[in-house]
Amino acid sequence: MPSTPTASPPAAPQAPISPKLIAPFVNSVRSVFSTMVKVESKVGIPHLKDVPAPSYDVSGIIGFSGDIVGNVVVSFQKAAAEKLVSAFAGASIPAESPDFADALGELANMIAGGAKKDLGVNASITCPSVIIGQGHHIARLRDVPCIVFPCQTEFGNFAVEVNIKEVQPGAGRKEK
Amino acid sequence: MDFSTEEIYTLAETIWNSTLGLAIEPDSSGAFGTHPRSTAACIQITGAWNGAVMLDCPAEIARLAASIMFHTEPDRVTLTDVQDAIAELANMFGGNIKGLLPATCYLSLPAVVEGADYSARVPGSRLKNRLSFLCNGHVISIAILERIEPKTAAA
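Protein chains in written order, with this note's numbering: chain W, 71 to 246; chain U, 137 to 291.
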């Protein structure tokens, strides 16, 4: 029988996010865009996303489970996404094409996968979820800071939102 | 792994009834995905079986669910309350679907999105089943997707 949730808790104090969780994502973004998309990406100064502001028009969400839990979102302006995805695929892919979400999901998957290797933790990453539409809001863990990295490329801007936390080894897994 | 429509409907009925105290009915209108504003939550399952459970709720039901869960008037629920409510419902679906699986699996945290005129997809997966049901005249849908495993190279 499903459990009944309690009343919405007050905002939990946020635990500081460990820098060692952040650098792998910055490195992975640079590496993926350089090697797979063949564009240079400039990663700007990270900042806290402390309000539920909308992401850009197109987002790829990758979940982590295991010793690290949370989500990483790679969010693009639509025009930038179309150009970057097309450069990645080696062919023009408009946002309306079913291949667009696949390619964008793959980019997000590579970024998360590359970071996971560097994190050196026992964690799984999920299939990407891809959201296409202006003004969408993506929820985040409330007890963990959401760090946003603004990124620039010659094709336009995107952002990487890292909202993850370490759990005690073994405690992050809900085993059957 | 297959998930029958009857199994999914029974889960939906149990969750909606026990958590929200709301009744549901089967839907045959085909009106899925036509609401102007909605909240969707996707919870992923990894391990012996890899896939995702996606719950899609129109804004009116998401707001009602949040008001019931958090004992707040519907016009006072915040965006965060709505997202938390749908995340919790998706978590329940995910947990119960996981219970139908034969071996060790793990649940991700839910990814929740709210907005108007957006599409949500899980690339690299195939739709195993989708059920729509009615609550207070609004159409809600549950989709179960299975990851398409890449073919391994021949030796």
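Keep in mind the hints are simulated off the structure, nothing from the lab. Ideal Cβ placement from N, Cα and C applies to all residues, glycine included. Some hints could be false.
Stated by the list, open to error - Listed below are several chain W residues computed to face chain U (Cβ distance under 10 Å; list not exhaustive): (1) 131; (2) 143; (3) 149; (4) 200.
Let me know if the C-beta of residue 149/W comes in closer than 10 Å to any C-beta of chain U, holds or violated.
violated (17 Å)
Interface hint for residue 143/W, Cβ within 10 Å of any Cβ on chain U
It holds, given that the least Cβ distance between residue 143/W and chain U is near 8 Å, below 10 Å.
Restraint: residue 131/W near chain U, CB-CB cut 10 Å. Satisfied or not?
Status holds, d = 5 Å.
Return the status of the interface hint for residue 200/W: holds when the least beta-carbon distance to chain U is below 10 Å, violated otherwise.
holds (5 Å)
In the structure shown, a violation is registered for the earlier hint numbered 3 alone.
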